[in-house]
Amino acid sequence: MNPPNRRNFLSQAGLLGAGSLFGIPFELAAQAAKGGVLVIGTTQKPRHLNSAVQSGIATMFPAAQLFASPLRMGADWKPQPFLAERWELSPDNRSVMLQLRKNAVFHDGKPITAEDIKFSIETVRDNHPFKSMYAPVNAVTISDTHTAVVRLSEPHPALLLALSTSLTPILPKHIFGDGTDPKVHPRNASPIGSGPFKLVEFKPGEHIVMERFDRFFLKDLPRLDRIIIKEYKDPSSLLLAFERGEIDVHQGIGDPRDLARARKIPGVQLVDNAGPAIGPLLWLAFNTKNPKLSDKRVRQAISYAIDRKFILESLLGGLHKASTGPIASGSPLYSADVEKYALNLAKATQLLDAAGLKPGANGIRLSLEVDTIPGSSELKTIQEYLKPALAKVGIEVAVRASPDFPSWARRVASQQFEMTMDSVWNWGDPVIGVHRTWLSTNIKPGVIWSNTQSYSNPKVDELLAAAGKEMDTPKRKSQYKEAQKLIVDDCPVAFLVEAVVVEAYHGKVNKPPRGIWGLTDAAVDVSIKA
Amino acid sequence: MRSLALILRRLALAFGLVLAVLAVNFTLIHAAPGDPAQVIAGEMGGADEAAMASIRKNYGLDRPLPEQFLTYIGKSIRGDLGLSYTYNRPVSELILDRLWPTVLLVLTALLGAIFFGTLLGVLASRKPDSLRSAAVTVLSLVGYSMPVFWTGILLVILFGKVWPIMPIAGMRDVRSLGATGWANALDVAHHLVLPALTLGIIYLAQYSRLARTSMLEVLGSDYIRTARAKGLSDAVVTFKHALRNALMPIVTVAGLQFGNLISGAVLVETVFSWPGLGTLALDAILGRDYPTLLGVLTFSALLVIVANLLTDLSYRWIDPRLRGS
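Protein chains in written order, with my numbering: chain A, 1 to 530; chain B, 1 to 325.
It should be emphasised that the hints constitute simulated quantities derived from the structure, not laboratory data.
Derived BS3-like pairs: lysine-lysine, alpha-carbon spacing no greater than 27 Å straight-line:
hint	chain 1	residue 1	chain 2	residue 2
1	B	240	B	230
2	A	529	A	34
3	B	161	A	508
4	A	289	A	485
5	A	477	A	340
6	A	529	B	161
7	A	485	A	296
8	A	392	A	321
9	A	444	B	57
10	A	321	A	477
11	A	380	A	296
12	A	233	B	161
13	A	264	B	161
14	A	45	B	57
15	A	131	B	57
16	A	173	B	57
17	B	161	A	45
18	A	203	B	75
19	A	340	A	321
20	A	203	A	233
21	A	219	A	118
22	A	131	A	289
23	A	173	A	118
Just chain B, with the same shape it has in the complex (with noise of 0.2 Å):
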């Protein structure tokens, strides 16, 4: 019941940081120079005046900016985020349809950075002074450092070119286009191979570190010293008692991150091709498409409120101690 009252306060929160989301958002975009019916002629092939004030009449541009803030604000409210310029289709229709690939790419590379992440640190913390410990060490600095889009052209280059093995644009082969069940599902999976582990590299070299830390931490304190006297197994004592406490702060870095992740997606997406938010969010800054741009902004936002929520309940999850205070 804790837990519902927490959600509950924090959407209500959630409601009144998405509004001032909306208004910085709204006001910045609105800063930038050129004039979006300008770039609808230019998209068109050239306008006259009269095509450009229909233009304008069209997309509700000949109003006062206020005005348009407050049919905006208006609107979105009910859930009309409004007519894409460049598309001229309804923005949420075009949400909706890039939301899932995005969601799943950051997910994917999320999940994988923290498993392969933690059990990578866990090994190593085993023997710290080990080969092994070093090698993670390396590998993680060396994961850390490279920029993501780098990371993709290299992976592009290796196994597009060089061992051209996977696609490395898209998210489904166009051939084989309306495959469903699981066909559809290993083509979408062989696509997302290249850009989760872009993606995902960074952040499984992050917390591999953060779980060597963590782990060396807990390993060494009193109760595990306990757990051994009563002759558990290393497994159990490492797996069951360490790890619990040692997951505690990767579960606040990740959920730290995940606006980081999103941002990150717009590069590796725009490296593969990928349709999701990230190239529309960039295709919307290029065309001054406002209300594109606001609903992707406004949806990230809520992206990262919903995944802060579930870092706060997944602490309750972890700790026990904390689902009483």
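Next up, chain A with everything else stripped away, as it sits in the complex (with noise of 0.2 Å):
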């Protein structure tokens, strides 16, 4: 989509911008802009600011910047030191030891000691809805005011990954420590924090401000006096306001006609496929234990009588990427060896023959509904598609709203669906966003995002569970690639989207963050062009 040399100009500016940060003499990048107000707009809607209990960009947007997290992510997946300027695994790799910065302190002036980081490890492990991510944390002993070590039950190679951005907030336990329970704490909506900038006001539905922490660790960091995240209604407020300059970031744009707008205005700075790790997936969904769809060879036979090209060029209009497995294209661990059920009309009508579904008097061999989460186009565009695309296999697709948001809920984690489309995120490592979806010891009736497609392979259980302890990053992966191939043989769900954001800039940003997490990242070297 973009001409190559934009994408080269692209990754080259986001090694910069990693490398006057860590490496590079501060001196130098002292020298940068310094100053200025960033206004981000979003129609996200955080419940409060603290991401150690609460998942989704909404909050961990701010609580990136408002706390700081041991480590970072570069670009390059690899962990870089942040609040921990050094961490040591151990050769048993049954812990991790992170050496914190001596000069840290939160935003009350009281100094971060590894007392606050056990307390946030484990506040993050009890309350985070992600249990995965420090399922296998046993303990964190504190050895010195400023060194903690990580104890697992058995190797996690996942840990380091959970270590940075919001996904491990510090919190200070002398505020959040109090006995109350950390989900339901008053102080979620106006935190003390450990980060790069400190909050001045929250309103919810209008704004967050944060301001600049002036005892911040790193020298002369972060650049920005402000960052201001604007709440708007809906897609199309919010890419006016763009347009306008009344905000100097658009969050995301996810359709292509806005795309078109965008790069329309002068020096707009585009960053194609924006934090990587985050990775949505949209997909079609079956209820395996629905005696209609507990066959694979019925499964299977919809997915081949799915167009995807048609989805992605003509009802996307050419943004997004064609998604083919569980695992999103931006991971390391991605394997493109599977199945890719490109078109095939021929060989659907054939497995549903296989399967004894031979067509009635009236042409038609089965009969389905169909849900999806209400309020997206994509997925509701994707949804209308099934009707015509299935019934030329015989299949007859009864289309099915929810009113919103709980009613569908409700209804596919009770399981009383047939197929639904949904979208479900990666997070970064297949232990944290992946395994949740089809580990058969994840069939959990009443939890939304859990397998609620009551998909259960031992062979697969084996591999995950086995992928998820492996620290040999070789063998992991392929583990992994004999996972991907057997769920996508199996056919849970029908892999159709992988969802691309990006990012939109207006010129006088400086350094747009590029790492994995996108936007979620601490802004400390973003600054406004003078």
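Both chains come to you apart, so use the hints to assemble them.
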């Protein structure tokens, strides 16, 4: 989509962005522009600002500014020092030592110590919706004021990634450790943080105002004076505000027409496929417990009858990518060696015949209902497309709408559905965002975004369990490769689209974040051109 | 003193009415399918059974419904509207934050509509067969036929894109947050123009028609002829003698329409991201945030009750004959 020179330019800028902060002397970095206000527009609504007990980028983005994480992730998926200036994995991979910076303080001036690290990691482990993120953490022990050791029951390759961005915000124990359930702590909306920016004002439904923290542990950083996140009710008013220069940053354009309009803004900087770690996948999920869909040949037939090219090019305007399996293509653990389910109506018919589904007098072999998460135009478009697409192989589809998210979530979580369009995100490491959908141990009625497909394959369970604690990267990669192949073949969901998010910045914004988390990263290096 | 007695009697009635509103709303809201714990879990990014149970416990959702209702009534009588499930903040705090923008929007729209609507109506009534009168009639017909969300979007395109002189979202310019005094008031006023115009235009159309008809009726009555015969100037006759009587139907309609105005505000607030009660209510419905929704509905009921009371009091101010009754 982009001319190649732009792409090269962007990736080089990304490398420079990381280099000027880590490695290259800060004196040099300090000469860059300082000051300025960055206004970011979003349609996301944060409930509160404490990402230790809340996932989703609505909360994670401001939390990445308000709280420092022990580590940061580079654009190359390699950890870099942040609040922890040094870390060390024990030879048996059962513990990680974190050495904190000695000059780090919270926004109220109290020092950040190993006690706070212990408290924060335990809070995330016990409260964050991503249970698997810290499940193997037995304990965090304190060696001295600035050294904490995370002790594991088994090797945990996702650990360093989990220690980055707002997946692990370092909270002040003296505020949040008062015994109140952290999920409903009153200070979640008015936190004392540890990050580069401190909170000035949080008005739900309006804006979040954050101001540079002058005693931040990295010298001369952050550069900006203020970051303001302004909430808009819908994508069209958000885009209009970006065109008018009311906001400097558009959180993410997902519509091709919007992108075409954004390209016309003079000097605009577009970051294509921003935040590859987030990995949002759109798919058609099957209820494999439903007798109509328990035969994998029927599910495969449906997958073969869907024209992904038509969905991507015609329905979604060519912005997004095809999704081939459970791991998003931006991840180093992605494997393309899977069945791609290219459109093949003959094969689909064959599979249906083999499954014993012969056409009736009216030509119909099977009737199915399809649901979708309300509120997403992409998902709704694909949902409606399924009706004519599957009619070609004799499957009659009834499109069912849910009035709002709770109604949909109840139907799917309680398995009162046959097929549904769904959007599930990768969140960096498969242990965090991928395993939950496929492990048979995660079939949990009443819990949305668990294994609501009721998918169960002992071999996949075994492979995921092994890969989840495999520290040898090539070996881990091959385990995931096999798991991806098996899952795609079993077809508990038909993988359709990998959503591409384009973050847009006005020309005056210097060094937009280019890491694997996109905007959901500490904006220490961003500045406004004078 | 009679006014005081009226106010007291009305307040006593209002208390019963608010309780009834609470009971009806509580029942209706809980009849909607969908579990708040599920929504909170969904917004958190998924949660297991233990976390769902702790969410239910934290917000008292594990108690039987009648018990939840009695607890809610008991607390709200003492002024405690509970905690918002979504934002985990006291509902009263959220509402007080949002009350002022809605009141500002609704009052600006209403008073603007009454003032300009009456003015247009009066102007049209003075020469009922003139071109001017016909223009007012056509304009009011057009204004009356446009739904608010459509007017809103039209104004956004016009003043946001084609001729970008007006802010199109929010209530303040975030870059100059913290401004005080006149700078702040001007900023808010600038942001208020389009939403107030959008909300007011239908009512303006309606009041101009109403004022025109009612002025025509009054201008034909005997006492007006007497006034003219006395040699009073045209302006005095129109504005002092005729308008005062012609205002009665406008005030009646305006008072009755206050409820509609608040529901119109929900749409306008959504179009313009105006941080008022309407958007809060909409988010609360979508998020099954029962305490917030109940709080907003109760406050809206209170606003309507207060508006009706003010309407009754203004009758007495406009028409001295009513003061004795």
